[in-house]
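Undergrad: Assembly of the complex is requested from the two constituent chains, each provided in isolation within its own frame, with the hints serving as guidance.
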Amino acid sequence: MGGVLDFISNTLGGLWNDSGLNALFSAGGWKNLVMILVSFIFMYLAIAKEFEPLLLLPISFGMLLTNLPMAGLYHPELWVLVDGHVDYGTVLRDGGLLDVLYLGVKLQLYPPLIFLGIGCMTDFSPLIANPKSFLLGAAAQGGIFFTFVCAGLLGFTAAEAGSIAIIGGADGPTAIYVSTRLLTGGGSITTGNIALAAYTYMALVPIIQPPIMRALTTKKERSVKMEQLRTVSKTEKIIFPIAVTLIVSLLVPSAAPLVGMLMFGNLLKESGVAARLIDTAQNALMNIITIFLGISVGATTQAEQIINLKFGGVMLLGVIAFSLGTACGIIFGKIMYIVTKGKVNPLIGSAGVSAVPMAARISQKVGAETDPTNFLLMHAMGPNVAGVIGSAVAAGVLLSVIG
Amino acid sequence: MNMTVMMLAEKVLKGTEKLSGVEIASMTIIGLGIVFSGLLILVAFLYLSGGIFKKADAAKKKSASAPAAAPAPVKAAPAKQAASATAAEDDEEVIAVISAAIAAMGEADGKQYRLHSVKPVTRGGGNGRSAWAQAGIHDATRPF
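Listed in order, the protein sequences are those of chains A and B. With this note's numbering as the guide, the letters of the first sequence map in order to residues 1 to 403. With this note's numbering as the guide, the letters of the second sequence map in order to residues 1001 to 1144.
If we strip away everything but chain B, and leave its shape as in the complex, we get (with noise of 0.2 Å):
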């Protein structure tokens, strides 16, 4: 490859004469031959050190998860309670907002809505994907 990079330093062809078949079929598989190796290096280059990463990546979590499962499960119960206390808050929240949007909305039709009750959407209605995943996809997809 030095070879070759010493060869190109020295402008093999001249600009301003015409090319001949020899010079054109040369200049291409160069062309191609140099565009190639490159870019293998670096598709090389980012197997190796994507390896590496993820055995990082395998070795952080494994550590992580050891220690994490020592403290008995006495500790883990209030946390949880914690968790899901707030949890019904942000539902409480939720629920409130969204009644008053229906509200608003009736007010300006005229009309009185009653909200029975509120769903989580379940994934799969979508492929798998969430609305804002939806939302995202249609986005970067749109006809142009």
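Bound-form chain A, shown alone (with noise of 0.2 Å):
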């Protein structure tokens, strides 16, 4: 009887131990249990307030399982360089679930295939008709380089600096695939922290563009109506991607992966012959993509990578970041519009940041404040499209110079 009361208690105890549980209430367990409270609160903004929900909700989700204690679904230690190099037999291996999906981050094939999906489901013709809207583009990724600046003076590395930077590009596959390439591992910031920055303030782009867009314009330039554009041709759509994919590429060839996928993408669609690809890129392949990138990017959100004072600091610079890049689009629109004699309101220069389609919906939606009959929104999709090409380009700059 004693024996089995010994085998019994023995047991449980061993249960005990190995459970999260007794991980939870040991020491370090409260990190878990804020990062666990952390994933409801995004699970809540995905699924409540509907904030950018396809993304954030995988995300939050990964977050809980990742800081389950004792789950083993994913082990950071197995991302460590040995010798310069992450050791992919001893994560296939050794590796839990979350781990094997992570290889998709790691070897930087979810990012250029989430491109492939939004460029067969973009249409370039409002950037193609009116080519100017280029250059609101480029002004706006000075929100990248001038948080680089910041980020460089509170004393961040080189790879850190670059990883926060691109979180001004607001565009989530390109900060992704930028910081899963800058960070190598050991550092004390991670793809996780940079995505989940960059998510969070994606999903804020209706709270912290207007009143920037407010502040640097006056009331008569937000009443600008501008002209109507003229109607693209079918070999314009069709010469733009190729042309697109070897001027970017041979200038920036760090910038290829992206920008060709992207630009792929948008020739299937635009080739009007290739119905079935187009489908399952847009939709099938886009969809399974999404599902893996933002698990395994939520995997990374471990309590030891969050809680912590650099993740504050990259906190304050993403948002840094936003608010630089919406206001150099801004400036830039006001210059344009002195250029062109008021042809062009500045308000859509603040939709060159990316985060298509939001940053041109909000473009529409100040303009509308000031004028209901103003509709703004195809003329910022032009510089929004243009952003995605211009934050590439700024990406692979960034990888190009950062080693």
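In case anyone wonders, no lab produced these hints; they're calculated from the structure. Quick reminder that beta carbons are idealized off the backbone N, C-alpha and C, glycines included. Incorrect hints may appear among the rest.
Selected chain B positions facing chain A (in silico; Cβ < 10 Å) [to be verified]:
1. L1013
2. I1034
3. Y1047
4. H1116
TA: Here it is as structure tokens:
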């Protein structure tokens, strides 16, 4: 009888020691508890407030899974460089589910594949009809480089500064692509930190941008009605993705995976002969990659990586990056307003920060506040899609310079 | 530009090292410079190709309108008549459908309605846009 009781108590003791509850209430377990609560907040924002739910929900659930003590779904120690390389054999042999899914992030497969789907869904006609929009898309990338200055001055390393700065591109896949390449493990900032900041602020674009737009423009500028855009021929739409791929990839080869896949998707769309491929790329493939990307990026947000002062710095610089990007776009819009003698509404400049199509809708909304009969949406879509190309070029520059 | 690209290929900044003031300043200038010059090349390309396509379009329109004017009005008349006949049939169908919809609505209310006239909506009522364009704009710009 005594032996049975001993066996039961030993087994129960062992089970308790191996349980997540025990780990949760042991030293340092509070950090996991905090992260689990944070994941609940993100789930609430995604479900109740519909803030970027397609990405925020997988990220928040990945955050929940990775912070469950003892569950062993993700092991950051497997991703630390050995002799300058990740030991992928060990990852496949000893890794958990989320480690295996994270391979697609680490090997930079997911972001270009997402860009393929985005390319299939994007209409570049407003940009082709009004090529000046490209300049607004370029100006808004000022947010990336001026944030690089701030991060450098605050003492972040070159790789960290580049990864934080790319948040200003307001483009999730680009931010993940750059930070995965630059942050090769061992540092106090991870891709998860960058992705979390980028997606949080992308969801908050409707709150961050309008005050800056109103502060930097006059009522007269906001009420400018722009000329209707010309119709773009099918041939022009087909030539565009090929030309952009050639020009951008020859100039900044590091941007080729992102720009190349974006333009490949767009060529599929505009060619009109690959309906089945477009359907797969923009629906099934895009959805699968979004789930894998979201949940595995969420997995990198382990308590130790998030609950520290450096992450506070990332969040602070992230909002600065978004604000500076918006301001640079608006200021360049004002310059174009002056140069064109009032033909360009500066509000479309803020759409240059990517965040498609939300940033363009903000331009429309703020313009309509001043004059409800003013429809800026199509005009803002030009800088908006130019911003995607611009941030990919900026990402290429960062990757080329920082090693 | 080639020189810049060559320099960049050598990875100027080491990722693990902190940045000096000079490095920060030059990175910002180079970065913005390359983004602007890359997109400026695209702007130039689009203006160039846009100009060519506009000219080609104009030439096409000219050549298309020239032979169309040649056939005498003898042929045009029956075509017009046929078109107006089809339009009239279309109108009758539309009116029949509207009447049926109203009758169905009346059945549900227990009342009888009579259709007096059907007029096409003139542009200008909604900022010069058709009802479909209005619906499209409303859909694309609804509050978020």
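Undergrad: It remains to establish, for every hint, whether it holds in the given structure.
TA: Hint-by-hint comparison with the structure:
1. L1013: B:L1013 check passes; min Cβ-Cβ to chain A is 4 Å, inside 10 Å.
2. I1034: holds (5 Å)
3. Y1047: holds (6 Å)
4. H1116: Violated, about 32 Å.
Checked against the numbered hints given earlier, this structure breaks only hint 4.
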